[in-house]
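Visitor: Heads up, the sequence shown is in full-length UniProt numbering, so the first residue is 1 and it goes up one at a time.
Please note that a few of the clues may not be correct.
Derived pair list, reagent style EDC-like, types lysine to aspartate or glutamate, alpha-carbon separation capped at 16 Å [to be verified]:
| id | residue 1 | residue 2 |
| --- | --- | --- |
| 1 | Lys30 | Asp45 |
| 2 | Lys51 | Glu9 |
| 3 | Lys51 | Asp19 |
Since the hints were made in silico from the structure, they are not lab data.
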Amino acid sequence: MATVTITTEYITLGQLLKDAGVIDSGGAAKWFLAENRVLVNGEADTRRGRKLRVGDSVTLPDGTQVAVAQAE
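Work the whole structure out from these sequences, hints included.
Guide: Here it is as structure tokens:
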């Protein structure tokens, strides 16, 4: 499982996809989420502005899981 660390209260789904290297720019998030099934905590979600907090996990179309963790 891959991990994206945050220093803020939350990260948006679009920013997480960018930070995880799934997309090249934040603008590609809308297209990516419309064309691919992404699960947030086991439920499909297409909102690029979805707020993810520490402990949330995202499952990508290829089965890779990305967890949100607090930076130390």
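Visitor: Would the hint linking Lys51 and Glu9 be met if the CA-CA limit is 16 Å?
Guide: With a Cα-Cα distance of about 9 Å, the restraint between Lys51 and Glu9 holds, given a limit of 16 Å.
Visitor: Compare the distance between the alpha carbons of Lys51 and Asp19 with 16 Å, and conclude whether the hinted pair is satisfied.
Guide: holds, 14 Å
Visitor: Mind checking the alpha carbons of Lys30 and Asp45 for me, to see if they're no more than 16 Å apart?
Guide: Given that 16 Å is the threshold and the Cα spacing comes to 11 Å, the pair holds.
Hint compliance for this structure: every hint is met.
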